[in-house]
Amino acid sequence: MSLSKDTVLPRLIEIIEPFNKKGIALSADTSFARDLELDSLTVMDLVAEIEDEYDIILPVNMLPDLETIGDVAGAVAEIKNK
Amino acid sequence: MPDLFDKFQPLIDQYEGLMASGMRDPFHLKMEKILSPTRAVVDGREIILVGTYNYMGMTFDPDVIAAGQKALEEFGSGTTGSRVLNGTYQGHAECEAALRDFYDMDHAMVFSTGYQANLGLMSAMAGRGEYIVLDADSHASIYDGCAMGNADIVRFKHNSVEDLAKRLKRIPEDAGKLVVLEGVYSMVGDIAPLKEMVAVAKEAGAMVVVDEAHAMGFFGENGRGVFEAAGVEDQVDFVVGTFSKSVGTVGGFVVSNHPKFDVLRFVCRPYVYTASLPPAVVACAATSIRKLMHAHDKRAHLWAASRKMHAELRAAGFTLGTAEAESAIIAVKMPDQERSAKMWAALIDEGVYVNMVPPQATPGLHLLRCSLCAEHSDAEVDEIIARFKRAAAAAGLPLST
Ligand SMILES: Cc1ncc(COP(=O)(O)O)c(C=O)c1O
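Listed in order, the protein sequences are those of chains A and B. Quick note on our numbering: the first sequence kicks off at 61 and runs consecutively. Quick note on our numbering: the second sequence kicks off at 119 and runs consecutively.
Just chain B, same shape as in the assembly (with noise of 0.2 Å):
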């Protein structure tokens, strides 16, 4: 009889092949306890938190966690149901209203995740005999988007300007088109050249979409997003964003100026059938979102916490991801898996949590990804890097000199 797991089996042997080496499991790692945004407990000790995506470090601020608890008594735990049913109560119109002022956008949709806030915009604004124009390397929840939905996609190198442009004009001239991009790409943390390829996307007649989940909170005078800092607000026609980075919850959102935006509450299938967030996550989000608007001292330091940490692993000879730190995700580059494995554990043993990146998100990279917190102090950043070299050593890594 076949087994459906069959197919697994590569992944099954992958997987047993390294833990067989006696490795420590990198992706069955548990957080026994949570003491800040920069600090946790596993297995007993105190870990410094280098891989989290708490950029601005809002988890335990006060004034969210009160918001959060002051709606958990008043709306209870959750809404049991969609957002067009009985799920949408004061808060979700208050965090969209948040969302609204933050982006000074006219309309605001909040999603369960983030992930659906792709799927549902992808597959929804562009159908059969459309187009959706995407970088490679676009975030899984992109990809699944156009998946779902009936255009005909079409990619483009990562970050080329150039290749955008040829490939815009081979489709056909009165297509509808939208053009996807991201403000921060995750995997190795640099940023897109969106002055550029928003002109040209314009030019071509496209609709733009920016997703900003890596970048919202600290790039652009107000936070908003590397679109921001870029200087073409005016020209994006939709924003995608989460709340599970920056903002410190969990929830996706898609902000925009269209008039006729609020159709797509009706037709983005992952809004309609799915539950709303609880009433807490929502207090919690457009509290965070309000803060945010004015954590010009939170953004200074993270983006200086970033550079020094990206300088300083960099002069210890470890090989990043970007020549300068282009945003606060810091990737380290490992020769190969095996290697890549033993830092990781190593830098555990330290007393340090960065993410191993999993070989299927980077065909061909092998990376360790380091994320920066608003939270973390100039001495914890010199911990960081004094321990990173030491594990560097224990587990045998070559570091360039």
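Chain A with its partners taken away, still in its complex shape (with noise of 0.2 Å):
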């Protein structure tokens, strides 16, 4: 079954809701950095529970580019199609 950023995207915000201290309104367009606010531990442990959930690598070198829960969302997507 192959995903898509929109089908990724409402199981991904349940995953990011715990880390969501200062309770926010989650969308595709959230910034981890500037809404979220997330120290370098925190990114580390929600990047291992999305892996987790799909079975996935999101190698740290990518994360840079990976700015939004939409980002995210795309890049799960594809490297499960892959």
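I should point out that these hints are in silico values taken from the structure, not numbers from a laboratory. As the structure is a prediction and not an experimental result, all values here were calculated from the model. Don't take each hint at face value.
Short, incomplete list of chain A residues facing chain B, as computed with Cβ under 10 Å [what the hints assert, rightly or not]:
{"hint": "1", "residue": "Leu101"}
{"hint": "2", "residue": "Val107"}
{"hint": "3", "residue": "Ala108"}
Quick list of in silico lysine-lysine cross-link-like pairs, DSSO-like style, CA-CA up to 30 Å [as the list claims (entries may be wrong)]:
{"hint": "4", "chain 1": "B", "residue 1": "Lys125", "chain 2": "A", "residue 2": "Lys82"}
{"hint": "5", "chain 1": "B", "residue 1": "Lys320", "chain 2": "B", "residue 2": "Lys275"}
{"hint": "6", "chain 1": "B", "residue 1": "Lys284", "chain 2": "A", "residue 2": "Lys81"}
{"hint": "7", "chain 1": "A", "residue 1": "Lys81", "chain 2": "B", "residue 2": "Lys125"}
Every residue gets a Cβ at the ideal spot worked out from N, C-alpha and C, and that includes glycine.
With the hints in hand, could you dock these two chains into one complex?
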């Protein structure tokens, strides 16, 4: 079954919700650094959860390009479909 | 006009806040005299050094000093060139020979620092489409080497064999993989379960690097490192190390049995594009390395001193980074930055130097890190403990009893 950014997004938001300490509304446009203000340790935990959920690897060197939740959803779909 | 320094303002504010409280500056201490591997003079007062990487106390070894002086006179103060041009002298070759003998391996390559050895190895060994799998708590030089190269970088949870296995399984079977481990992790002084980790890495078809920076000299029968003590010498593809700790000078190296190892001399940019070590430094290093091969008494004493220090600090109610002494590093946990700085300053007043770890290096932890030296006598360890107790009282640090 092929995944798309839009099919990944709702579940991804559920995974990110526990990391949403500021209680803001999460959408594809939410930025990790600017809106969620995650520190580097928390980012690592979050990445591990996403990797476990989809049984994939999100290489560390890819992270700087993933600014928003939508970017991550797109990357997950792309890696999964490879 | 934008000032490029603006991005550092939070750090500047934090530092100035600390200094405004009238605290002694932990990051700009000056050693006026070095009396021995364990004693120095600061502000005209003698202090005990308990925060150096001089584990084996080789810096004032008479043979090491004599070798350095001879090389300085005969070969001059510097090489003024790269290892691959005019910068390889007889001394560099002898230093690499000493490393081959020390590790009983076929190849050795000496870099100008350990930092550069890691930069060179990580950036050159794994390229595009290949993977580097590293412990989350890896040293900055390993991370920086990864950032410099083009491989995909995968982190696993610190010292978790299970997490390493899980991540290796997700990497395509036919992709080249390099697993990077450290014998001793220098922030809290814990050691890696190398036997299990190396087995998991080999099962996945990965090559393995172990950085033994904080273990060389006193782990294993021959002092080679944790990988020797763990009995995985024949499984490890590369060992990285440094001369800036047990060896007692400066420099870095990689040793290996791989038949094609020497090609790295052409492809490691931090090896090629920098000047080689001065003749006196490689002469000191070679002499020190050869002496470390037989330093059985020093190893035994360093272990005894480390265990004693750990047991007595714990008994005094300090909170330590590890349950038992796993290495010569004993990290004392502080509740926050302010009390960490207070305790550090109180220790200096008592005449004890330890490392205050900058908080950026260990997010979420405030550590005062002690490291022992084979030259610390039993009486000195007793004195250090007594001073720790007095400093804690002076700094208002609560102890658990
Ligand atoms: C694990 C580790 N690797 C490498 C290095 C770098 O060593 P050097 O001081 O030779 O650059 C260090 C020292 O800070 C280290 O702790």
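Against the structure, the hints:
| no. | hint | verdict |
| --- | --- | --- |
| 1 | Leu101 | holds, 5 Å |
| 2 | Val107 | holds, 8 Å |
| 3 | Ala108 | holds, 7 Å |
| 4 | B/Lys125 to A/Lys82 | holds, 24 Å |
| 5 | B/Lys320 to B/Lys275 | holds, 18 Å |
| 6 | B/Lys284 to A/Lys81 | holds, 29 Å |
| 7 | A/Lys81 to B/Lys125 | holds, 25 Å |
Hint compliance for this structure: no hint is broken.
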